[in-house]
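Please construct the entire structure, taking both the sequences and the accompanying hints into account.
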Amino acid sequence: MKRPMPKAQSPKPRAQRPTAALATAVLIVIASAGVFAQVSYQRLLNAEKEPQNWLTYAGSYKSHRYSPLTQINRQNAGQLKMAWAYQMQRAGVVETSPIVVDGVMYLTEPPNSTVTALDVRSGRTLWTYTPNVPPDVIVIGSPPVNRGVAILDDSVFVGTVHGHLIALDAKSGVVRWDTTVEDNKHGFYLTLAPLALDGKIIVGVSGAETGIRGFVDAYDAKSGKLAWRTYTVPAPGEPGSETWGKGDGWKTGGGSTWLTGSFDPELNLLYWATGNPAPDWNADNRPGDNLYTDSVLALDPATGKMKWHFQFTPEDVHDWDANETLVLFDAPVNGRERKLIAQANRNGFYYVLDRATGEYLASSPYAKQTWADGIDAKGRAIRKKGISPSLDGTLVFPNIQGASNWFSPSYSPQTKLFYQAAREMGTIYFKGEAVYKPGTAFTGGGGRAVNGDVASGAIRALDATTGKMKWEFPLLSPGWTSLLSTGGGLLFGGTEEGNFFALDAESGKPLWDIQLGGAVRGIPMSYSVDGKQYIAIAAGVTLYVFTV
Amino acid sequence: MLRIVIPSTRFALSGRSRLWMSVAILLALTVSRASAQSATDVQTGKVLFGHLCVTCHGFDGAGGAGPPLNRAKLVNAPDDAALRAIIADGIPNRGMPRVRRTLDSEQRALVAYVRSLGRTARPSTRGNAQKGSELYAKLTCAGCHIVKGQGGTLGPELTDIGVQRGPQYLRQALVEPAAAFPNSTLRVQGPGYNEFLPVRVVMKDGAEVRGIRLNEDLFTIQLRDQSGKFHSIRKSNAEVIRKETGVSLMPSFAGRMSEAELDDLVAYLSSLGGA
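In order, the protein sequences belong to chains A and B. Under the working numbering, think of the first position of the first sequence as 1, with each following residue one higher. Under the working numbering, think of the first position of the second sequence as 1, with each following residue one higher.
Since the hints were made in silico from the structure, they are not lab data. Since the structure is predicted, the reported quantities are computational estimates derived from the model, not experimental observations. Just so you know, even glycine gets a beta-carbon here, dropped at the ideal spot from N, CA and C. Treat each hint with caution, since some may be false.
Label-pair ranges, simulated between beta-carbon atoms [to be verified]:
(1) A:A302 with B:S232: 57 to 65 Å
(2) A:D284 with B:V175: 44 to 52 Å
(3) A:G78 with B:V175: 50 to 58 Å
(4) A:A85 with B:G149: 33 to 41 Å
(5) A:K185 with B:G149: 45 to 53 Å
(6) A:R124 with B:Q226: 47 to 55 Å
EDC-like mimics (lysine to aspartate or glutamate), calculated; alpha carbons at most 20 Å apart, straight line [as the list claims (entries may be wrong)]:
(7) A:K222 with A:D198
(8) B:K235 with A:D453
(9) B:K243 with A:E424
(10) A:K437 with B:E157
(11) A:K251 with A:E433
(12) A:K437 with B:E106
(13) B:K235 with A:E496
(14) A:K468 with A:E433
(15) B:K229 with B:D160
(16) B:K243 with A:D453
(17) B:K235 with A:E472
(18) A:K509 with B:E239
(19) A:K509 with B:D217
Have a look at this one:
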């Protein structure tokens with residue numbers, strides 16, 4: 001469905017803005033050339049140099065979800081007020097991270113992977129596009145959410161709940177190409193924001209709860225043709241296949257790739273995390289570690305070839321996908337400067353690896369966990385006995401949705417802290433039978449969350465190189481809040497009860513809060529336009545934008 | 001699917017009669033297969049019920065914190081399709097979780113078992129509901145509870161309590177109220193939260209409020225006190241916020257009633273709802 005395109009905003013006459021000569025000149029160049037400002041790969045590489053924009057899902061290839069903007073800061077955060085709001089077109093769970101490019105915001109809306117372009121000054125719609133998602137679309141394992149778009153050159157890319165990757169003209173929302181990633185009838189669907197590299201669009205898939213065999217795909221950005229595919233579950237004879245037993249469990253082995261990866265252009269490595277083995281809670285037909293599920297993979301972006309891998313949860317029987325955001329930063333470890341990759345894993349541990357080699361360096365529990373006696377020197381968890389799902393249920397922490405999940409952490413280069421919302425909750429895990437039938441649930445059990453007053457949550461600031469907690473800000477309940485840190489020394493987060501707030505990023509002290517009337521599931525980001533900084537967050541089915 | 005072939009040479013019947021006979025035989029076979037299937041399902045369903053449902057719905061579906069299921073009509077599940085949907089997905093935010101995903105065959109077995117509970121005669125509660133009703137009035141339960149629009153609001157509404165809770169649970173609620181605490185079936189606070197949780201707040205200026213928690217978020221809490229007055233509290237303005245978990249404002253009737261009277265009151269409460 002498309003709406004008529006409103007009149008394009010024209011720049012203000014030069015005479016009225018004599019002091020803004022440079023900005024005006026840029027506007028005139030854009031206007032007179034009649035072209036949309038292209039988002040080249042070079043611009044994506046240097047995303048941190050244009051803090052007024054937010055060019056990728058997590059703000060940069062390093063996935064810091066950090067804005068260097070300083071206009072909204074510790075001193076004035078208490079004066080934050082709403083600038084505008086945008087109501088989603090349909091009801092659903094909104095987990096979008098908007099991107100902002102040169103005055104235009106691109107966001108996605110549930111349930112049918114709608115993409116909408118908004119004027120960032122007014123919140124008014126410039127165009128909107130909804131793919132032709134069939135009414136019998138199969139989405140098992142999550143609500144039909146979408147976490148955002150990628151932009152490259154003059155196209156916007158969206159992954160859809162019916163398993164497509166679609167390129168849209170960034171100016172009009174008109175389809176440039178529409179590629180089927182995999183057949184939704186078999187349970188494949190896309191919820192992640194794609195990642196744009198040099199001429200390639202990288203995506204992963206959801207669907208382990210239907211027994212898919214996961215993969216990471218690269219598509220040519222111009223044509224939509226598949227450039228490479230790397231399976232996350234090896235076929236017999238391939239390295240890692242020995243971790244699946246002798247049966248055919250690998251064929252339905254899961255290993256979804258449902259969240260956006262990170263990229264290091266200097267090492268030329270693409271990092272992508274993988275999800276749970278299938279069936280989730282019954283490992284009878286998949287005895288072994290089940291590589292490369294619940295892992296991080298380092299891939300050659302040109303070929304998809306695996307350079308190294310690290311598995312967080314071998315032979316997972318709790319549905320602890322390792323898809324959580326992979327954060328890249330450099331820091332000294334034992335006196336030596338290292339290139340690091342860190343993740344607060346769904347299994348309750350925070351991990352730090354060398355991102356050149358995959359070498360395990362450190363870990364620390366950041367939430368209550370009752371399944372492991374610790375992590376050994378190589379990074380493998382020492383499992384306790386009696387933690388497997390059972391017919392009458394087995395109580396284990398973390399809960400079935402993990403100590404963490406899809407929601408974004410934040411890393412501030414200013415404080416050198418890794419900020420993570422932790423879910424403090426147990427689940428009674430049940431084992432059941434799993435029968436594979438394409439496009440139906442293939443989970444082998446499930447769990448009953450021990451929720452309510454006995455569960456809680458917290459935002460924890462971790463020393464990024466060790467995972468040791470520096471401070472925490474308790475939450476009433478285990479939330480789904482993504483975090484944004486800023487150059488103004490702030491940390492933004494939300495709650496399931498509808499609160500959105502700013503904390504002092506150094507101390508965790510609350511500085512400002514507002515009730516938004518719906519659970520905060522959106523992913524916060526920041527941008528500036530006309531010299532004014534804004535913070536955007538979706539709660540319930542509304543996107544709110546705040547400024548001072 | 002069975003296919004029956006009736007050789008026309010053995011039955012000198014018209015085409016139409018042959019057809020009807022085929023249908024009749026088919027039907028008979030289908031019915032007998034269905035009941036055989038059903039008996040196996042009931043057994044399988046009973047085992048599954050023991051693993052997944054008994055904690056809330058009680059042994060033999062007699063009810064507990066969850067509704068009794070040993071009755072012919074289930075309010076939320078008028079037919080098998082509705083019952084199966086509830087087993088498959090739970091009733092989100094009404095206290096009934098989906099414990100785990102179930103196979104089609106497991107759902108069928110659970111439906112068969114639950115329906116079998118409704119076919120057996122409902123065990124008669126020991127007490128006399130009419131006498132129980134008189135006790136309800138005498139004890140001024142209506143001071144705090146609403147039944148069919150009449151009564152006070154401090155405690156939970158009881159209009160449908162007989163279909164929501166089992167007799168054992170209701171008995172426990174009378175003698176040991178804090179042990180039978182409802183967990184979020186009202187959809188305000190979310191699954192698992194204590195409802196009717198007493199909270200005592202001392203403000204920084206010394207003012208004190210005690211009431212039932214109606215809602216809460218990270219920065220605020222909303223209470224209703226015994227007089228029915230609402231209180232909106234900004235947590236940063238409070239010195240003390242004590243959630244009295246494990247405390248009920250309902251008085252215990254242990255030792256204040258004879259066993260027979262307790263039976264009568266439980267019988268009355270069990271009779272409420274489902275009309």
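These are the hints, each one checked on the structure:
no.: 1; hint: A:A302 with B:S232: 57 to 65 Å; in the structure: holds (59 Å)
no.: 2; hint: A:D284 with B:V175: 44 to 52 Å; in the structure: holds (46 Å)
no.: 3; hint: A:G78 with B:V175: 50 to 58 Å; in the structure: holds (52 Å)
no.: 4; hint: A:A85 with B:G149: 33 to 41 Å; in the structure: holds (39 Å)
no.: 5; hint: A:K185 with B:G149: 45 to 53 Å; in the structure: holds (51 Å)
no.: 6; hint: A:R124 with B:Q226: 47 to 55 Å; in the structure: holds (50 Å)
no.: 7; hint: A:K222 with A:D198; in the structure: holds (11 Å)
no.: 8; hint: B:K235 with A:D453; in the structure: holds (17 Å)
no.: 9; hint: B:K243 with A:E424; in the structure: holds (19 Å)
no.: 10; hint: A:K437 with B:E157; in the structure: violated (45 Å)
no.: 11; hint: A:K251 with A:E433; in the structure: holds (17 Å)
no.: 12; hint: A:K437 with B:E106; in the structure: holds (15 Å)
no.: 13; hint: B:K235 with A:E496; in the structure: holds (17 Å)
no.: 14; hint: A:K468 with A:E433; in the structure: violated (40 Å)
no.: 15; hint: B:K229 with B:D160; in the structure: violated (26 Å)
no.: 16; hint: B:K243 with A:D453; in the structure: holds (10 Å)
no.: 17; hint: B:K235 with A:E472; in the structure: holds (18 Å)
no.: 18; hint: A:K509 with B:E239; in the structure: holds (18 Å)
no.: 19; hint: A:K509 with B:D217; in the structure: holds (17 Å)
When each numbered hint is compared with the structure, violations occur for hints 10, 14, 15.
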